Amino acid sequence: MNIRRSIQGGVVALALVLSGCSWFDSDDSSPYPDPSPTPTEFEQAIVDTASGESATVTATADRTGPEFTADNIGVSFEATDLADPRLDPSKSNLDEQLKALGSPALRFAGNALDRRTFWTSKGEKPKHGEKVIITPGDFKRLKKLVDATGSTVTIGIPLGTYDPRRGADMAAYAIDILGDSLVGLGIGNEPNGYTVDDVPGGAVRGDSWNEDKYVKQLESYAKAIHAKRPEAPIIGPDVYDGAWMTAFADSGVKNKAAIAQHWYQLYDCDATQVPGRGPQAANLIDPLAKQAAKKNLGIGKDKADAAGLPLWLEETGPTSCPGTNDTSLTNASALWAADYTLYAATLGVERMAMHSMLGACSGGAPMSLICDPADHGQRSNEFQVRPNMLGLRLLVPSLGGHFTRTSVSGGGNMSAYTVVKNDGRTLVTTVINANDAAKVGGNPVTLSMPSGFAVDSAAQVYGASNDVKSATQVVPANPLPADVPFSGEEPTDSVNASAGSSSSPAPSDETGDGKLRIDLAGSSVTVFVMSKG
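Per the numbering used here, the very first residue in the sequence shown carries number 1; after that it's consecutive.
No lab work stands behind these hints, which were simulated from the structure alone. Treat the numbers as computed from the prediction; the structure is a model and nothing was measured. Heads up, none of these hints are tricks.
The calculated label-pair distances, taken between Cβ atoms and stated as ranges, are: (1) Gln273 - Gly179: 46 to 52 Å; (2) Gly323 - Glu219: 34 to 40 Å; (3) Pro85 - Lys228: 26 to 32 Å; (4) Pro481 - Pro373: 32 to 38 Å.
Positions of the beta carbon are idealized from the N, C-alpha and C atoms, including for glycine.
Input sequences plus hints: build the corresponding full structure.
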């Protein structure tokens, strides 16, 4: 099969390689050699068979949900990454990788915030064994990245060592340097886990630590911050526990900007059952995953609604379990990332950040969207992407659209989302076909469009199976060819039979029937962009 490269949606450069190479292969200094020739038609991966269950995806222009914004796609980094010189756009390709996600939400906090991060604006040395010093110069470098990507950013203020004065100093510099790009300050990271010795540096509070003590310290920090910068936006509590969300919401903190929740899809680290919540790739795409997301994100949404605040999912990812590289590197993680991000947005999550770090591809954080391919102990300035990042890139054409009523009939393990944008002239439908390509090849899919719409282009990420590792590949956005394979049942009358073989159907109020019929590869995410003639 031929894999090629193109520009998607006028914004995203999706790099591809030739003849079965995957997203991380490289024979030269560039991880993605320029292919030749450049394709002019959407060329789906060859579907040898389409033995999967037939499906009908019905897309409408009827708004039923919220807007899908740039902040719904985001990246969370460890606070210690603020000290990394490669945040500077002149020092690495990080800005280009991030821009491939549109203008993604950025967040700096994580477990390292309270255990390894020391802030100073006066050149002091760490007071309590912190390993990484953050200074105003680091915020200035971050400002360059934010300006380059057009991102908004949230910053964590260390609470591990109680020091409101230092925290207020850090907050003031962050506000002054980052300006309008800064939309939230989080005081501490996962304070409900401060007594649990399961993170680097271990416990930072005694056994008597609870919500009430957290609120007292939170309010002291917020008071100190607002004494310096009265309009400082405070978010919290950056936990997965509803009781702590209530504690934050009911606190005396002024200028609350959002309820910040954390949640990971696979968290039962000792479990081996499928379906279940253990760190097995199959659990990422099992329908039970959506049920778990709806339940747990629903807790945060209920707390946010009760407080009259938006819900921000400030830290999330495929799994919180250590040593799960194989799960995170599977093609299933690309399918999950696209599906989960869209689904969370329909549930009312207004900001989402997938947790990552600027670490090594080998031995670094397994869930990270990007990684450094340099040998262990070394650094490079050319970050590479992982499968979950490729899944998120496909969502960029949907940005700025409002979710519409969309249904899937049949198809087995398949889901779809549609947004309407450009004053109703453009529809973008994303189809996640989680049926295993190794078992079914593909599925005959009929995409039914509203009156007057026709398919302009399609793009896809896919794998030879759901379980294939580090081998997710990309079919770039291009117009559909005149004919595409379709194994399903064709229309019976001659006019619609002709339309059925067309991959670019005429609008339904003209000669076509407003339906695209296509064998859609299994183990894939496909985006169809439609316009109204």
